[in-house]
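The hints should help you fit chain B onto chain A, whose structure is shown.
Number of protein chains: 2
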Amino acid sequence: MSLRVAVVGAGAIGLYYGAKLAHAGGDVHFLMRGALDEIRRDGITVRGEGENFTVAKANCSNSTADIGPCDLVLIAVKTTSNNDIVELIPPLLHEGTMLMTLQNGLGNEEFLARHFGKERLLAGLCFICLNRISRNVVERFDYGHIVIAEYARPPQARTREIAEMFGQSAIKCSVAEDLTLERWRKLVWNIPFNGLSILAGGLDTAAILADENLRSSTLALMREVIGAANKCGHPLPETTAPEQIRRTEEMNAYKPSTLVDFEAGKPLEIDAIWGEPLRRAMAAGAKVPQLKIVHALLNSIDQVRRAGPAGRPLS
Amino acid sequence: MSLRVAVVGAGAIGLYYGAKLAHAGGDVHFLMRGALDEIRRDGITVRGEGENFTVAKANCSNSTADIGPCDLVLIAVKTTSNNDIVELIPPLLHEGTMLMTLQNGLGNEEFLARHFGKERLLAGLCFICLNRISRNVVERFDYGHIVIAEYARPPQARTREIAEMFGQSAIKCSVAEDLTLERWRKLVWNIPFNGLSILAGGLDTAAILADENLRSSTLALMREVIGAANKCGHPLPETTAPEQIRRTEEMNAYKPSTLVDFEAGKPLEIDAIWGEPLRRAMAAGAKVPQLKIVHALLNSIDQVRRAGPAGRPLS
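As you go down the protein sequences, you meet chains A and B in turn.
All residue numbers for the first sequence refer to numbering that gives the first Met the number 0, where the first residue is 0 and numbers rise by one.
All residue numbers for the second sequence refer to numbering that gives the first Met the number 0, where the first residue is 0 and numbers rise by one.
Please keep in mind that the hints were generated in silico from the structure rather than gathered at the bench.
The reader is advised that the hints may include incorrect statements.
Below 27 Å or equal to it, Euclidean Cα-Cα: the simulated DSS-like pairs (lysine-lysine) are [said to hold, decoys possible]:
no. : chain 1 : residue 1 : chain 2 : residue 2
1   : A       : Lys185    : A       : Lys265
2   : A       : Lys286    : B       : Lys286
3   : B       : Lys185    : B       : Lys286
4   : B       : Lys286    : A       : Lys291
5   : B       : Lys286    : A       : Lys230
6   : A       : Lys77     : A       : Lys171
7   : A       : Lys291    : B       : Lys230
8   : A       : Lys171    : A       : Lys291
9   : A       : Lys230    : A       : Lys291
10  : A       : Lys117    : A       : Lys185
11  : A       : Lys291    : A       : Lys185
12  : A       : Lys185    : A       : Lys171
13  : A       : Lys286    : B       : Lys230
14  : A       : Lys77     : A       : Lys185
15  : A       : Lys117    : A       : Lys77
16  : A       : Lys286    : A       : Lys230
17  : B       : Lys185    : A       : Lys291
18  : B       : Lys56     : B       : Lys171
Extracted from the complex, chain A is given alone in its bound form (with noise of 0.2 Å):
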C-alpha cells in the first residue's frame, strides 16, 4: 500500500508520525505554519531510545492547495485549532481520501463527520509521551503506539493495511473495534493528569505521584472517568485506574501536552478533554463531581488568560 499522505498540524504529535512515515519511505507532506524555514533549512529531527534520525529533506507547505490531493490525511491540530481545519482540508481531498485524526477528547470524529462526511473518518489515539524540543526537533520519552479505529463502524480492510504502512514505518501500531471506548480509555489518564498538572501548580507526572494527597486524587478522578465511560455504554474495568497509575510510574516523568500549552500561553483543550466528557457523563446520569470541579476551574484559567492584559491578571 502506497498512499500519499498529509500531515495537517506541524506539531510535536504530527513531526513525530509524519517523520516516522517519511523515513521509512513514506510519501508525506507536512502543512506548517511557523516552522517552514527551519524544516525546509535542516529537516525534521527525532530523538528517543532506539529511534534518532533526521528527515534532511521534508516535503512542507504552508497552503494545502499546494499539497494537492492525498490519500491520508493526519490531523494534528490542536483541538482549539478545529474551526480553521475546516477550509484548510478541501483541497486535500480526492473521493476516497481517508481522514485520520490523531487528537485527544472527545467530539472531534463528530465535527469532522460533520463536514466531511463519516466515511472518511478513522482515528489514531496516540499512546505517547512527546515534546518539541524546537521548532523541528521532536523528543520522544516514552511509549509511542496508536490504536487506530475506525469511526462509528468495525475496522474495515483499509484500517488494516493503515496498521500495516505504519508498522513498516516502525510505528506500533493496533486496531481497535471500539473507537469511542479507547477515547475513553485515554480519557482516564488525560483527564487527571493533563488537568492537576496544570491546576497543582506546573507538576509533570512523577510529582503528581510523588504528592499523596494529588495521587489520591488522580486515582479518584480516573474512578469517575471509568464509572462515567461504563455509565455511556462504553465497559471499562475499574483495574484501568491502578494499571494506568503504575505504568505512569514506570515511565519516565512527563508534562502532559496541556500544561505544555500552558506554560507556553497557548489556548488549553479544554472542551475536548473535559468539556464533552463531562456533557456525555451528566447526559448519561453518571456522578462526576470532581470532573465538573476540574472542568470548571481549567476553564476560568483559560479563559482568564485569553483575556489578557486587558481581562483580568494571572497572579
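The following block gives chain B in isolation, referenced to the frame of chain A:
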C-alpha cells in the same frame, strides 16, 4: 468593663478591630513587626461606608514583654504563624487573661488550648470583607460583625461582657452557643470562595459567581461542607448554601484573604481552612470528593511556591 487589650498580628483583621476598640477609647496595645515605624508616625486609618477615622496614637510595640500582661489578647495572626505565637503570648498573660482567636478555620482553639489551657479560650468569628491597602490603612468592603463564643462550653458572663465592649466600640457583635457549629458555617463560605478564587486563576467573589460552572461548583462544594458538618454532629440546614450565595451576590466584589495572601507570595492557610475540615469530615465518614481535590491542589500550589526559585517554577 475596662479591659487592657493586646492585639497580636497587625494584618487587616487585627488592625481593624484593634483600631475600632482604640478609637472608642479602649486601652489597646498592638504587637507588630513590619509596620511599626509607619504606625507610630501616621497612626492606623480605617475606611469604609459609615466609618472613616484614624487612631493617631496607637500603642504599638514589637515585643510582648514591652506590652506586658493584658486582660484580653486578640489573636489575629495567620494560622500559618501559629508556631510563632507560642513564644509571643506568655508575657501577655496574667492568671485571668482571656485569649480570643480571630483566626479562620478549624484547629486553632485546640492548638491554643494545648499551650495555654482551655479556660482562657474564646473565639471571634469575623464575618467581614477587609483589605489592608497599605501598611497602616485598612479598608472595609462589607459586613463587619463578629460572632463570639467560648471554647468547648456555653457562653459565660465574660462572653457577654466582651460582646458589650465590642458593641460600645461600634463593632456589631453576637454571642453564639456552639463555636464549632459557627466555624463550620463560616467554612461553608471560606472553603469554596477562598479556594476557587486562587485555583480559577485569580478571581474575586463576583467573577466566581458570574462564571456558570464555577458558581455551580461553589454551590456543590458548599453542600459538601454542610454534609460534613452534619456528619460531624453540627447541624447546618441545606439552605445555608443558597443563602450564602445570595448574600455574596449582594455584597461588593471581594478578594478572599487567601487570594490576597497568594498574590502577595505569602504562605496559604491550607491546613486551617481545608486540611483540618477534610480530616474531620473523613473521620466522620462524610463524602467530600470536591473538598479533597481542592485541598490537594491548594496544598500542592502552596508547596510549589514555598520551594521557590530553587524548586519547581510556577508557570
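Going through the earlier hints one by one, which of them does the structure break, listed in rising order? 8
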